[in-house]
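Engineer: Per our numbering, the very first residue in the sequence shown carries number 1; after that it's consecutive.
Hints are computed from structural coordinates only; laboratory data are not their basis. All figures in this text were calculated on a predicted structure; none of them were measured in a lab. Be a bit skeptical, because a hint or two may be false.
[Stated by the list, open to error] Think about it this way: if two alpha-carbon atoms lie no more than 25 Å apart in a straight line, the pair counts; the simulated PhoX-like pairs of lysine-lysine are: (1) Lys-141 - Lys-11; (2) Lys-133 - Lys-335; (3) Lys-141 - Lys-320.
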Amino acid sequence: MARPTIRDISKLTGLSTYTISQALRGADGVSDDSRARVLAAANDIGYIPNRAAQDLRRTNRDSVGLITASTSNSYYLDLIGGIQSTVQSLAWTVIIADVAVDGHYDADQEDRTVRRLIEARVAGVISTLTLRKENTDLLSKWDIPVVFVDSSPPAAAPDLPSVTTDNYRASMQVGEHLAGHGYKSWLFLAYPAIWSTRVEREHGLRDAATASGATLTVVESANDAISAKAALRLHLAASGAMPEVLIAGNNPMLLGALEHFRLAGLRVPYDIAVVGYDEFAWSNLIQPPLTLLNERSGEIGRQAAHTLAEIVLAQDEAEKGGLGGTPVYLPSHQKQVGAELIVRQSCGCQPRVTGPGAS
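Could you build all of it, start to finish, from the sequences and the hints given here?
Structural biologist: Shown next as structure tokens:
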């Protein structure tokens with residue numbers, strides 16, 4: 001696919017390439033009307049200026065973009081570590097951009113981020129959020145490969161690379177464990193469905209609840225701890241009933257729920273059991289230690305970086321051979337990493353006794 005150029009904008013607007021260049025740079029001497037026409041045309045054809053004024057040869061690119069969706073979620077710490085440990089051997093730099101600061105997704109920020117990464121001529125992009133079709137199309141137009149992690153590719157481009165968890169099966173595993181406790185009333189404190197993992201997690205929990213004769217109630221919150229605490233408090237006050245177990249959709253949901261229980265004087269797991277998604281480093285130090293689904297985000301990060309590197313290096317070889325630089329995606333570029341339920345005490349399980357005298 002041919003990349004759009006200033007000459008293409010000139011054909012659309014009838015303006016000289018010099019005027020277009022000045023307008024794109026924000027320089028003086030260009031009328032407001034001409035500047036607006038230039039920017040509109042550039043946006044329509046997907047033209048992205050190279051602000052770094054660097055050679056566009058792929059072999060000169062030494063950075064990758066990582067688009068996260070709320071770095072306040074500790075899940076991303078291990079993910080980032082896995083990515084950085086892998087690209088370090090390639091002497092690549094990771095540029096991190098958050099499009100959901102404090103858990104609040106911003107579509108305009110996504111658009112700006114994708115354009116800035118293209119301007120920087122990154123070798124590729126790893127995204128933790130399903131990007132809008134306009135942005136995947138734009139990356140494709142500039143031959144920049146993208147790998148999705150902890151999220152599905154867009155429905156319009158299902159063959160794009162991804163490294164994910166089988167969230168349905170993992171959620172069934174969580175539900176089966178809760179059924180083993182005999183819990184019949186479950187509450188799922190969930191983040192918005194714009195994070196694609198939400199759908200499969202809820203689906204798995206619903207099927208597990210149905211299979212065990214339990215009732216699942218879903219309470220949705222914005223993807224931050226403060227909102228989660230407020231949503232849970234309002235729901236419990238309105239319902240007048242306490243569920244037997246709360247399932248926190250991710251770490252911000254878990255933090256908000258635990259804070260509400262502390263303020264309300266509720267004891268975990270005696271007054272309400274708790275299970276969460278996404279293991280983190282100090283989860284076994286909290287009292288009671290937390291039962292969590294470990295998605296192995298560090299391994300997901302490593303697999304994503306390996307996948308991206310494989311695609312980029314293949315592009316390099318193709319360009320050297322005069323075959324063009326369009327990224328080639330293979331079925332093997334879609335991977336899943338197995339999850340593990342780490343059972344501790346917050347779900348109601350008793351601690352294991354070890355040492356002298358243990359039977």
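Engineer: Does each hint fit the structure? Answer for all of them.
Structural biologist: Hints, one by one, checked against the model:
1. Lys-141 - Lys-11: holds (19 Å)
2. Lys-133 - Lys-335: Measuring from Cα to Cα gives roughly 21 Å; hence the hint holds.
3. Lys-141 - Lys-320: OK: Lys-141 and Lys-320 at ~20 Å, within 25 Å.
Every hint, counting from the list given before, is met by this structure.
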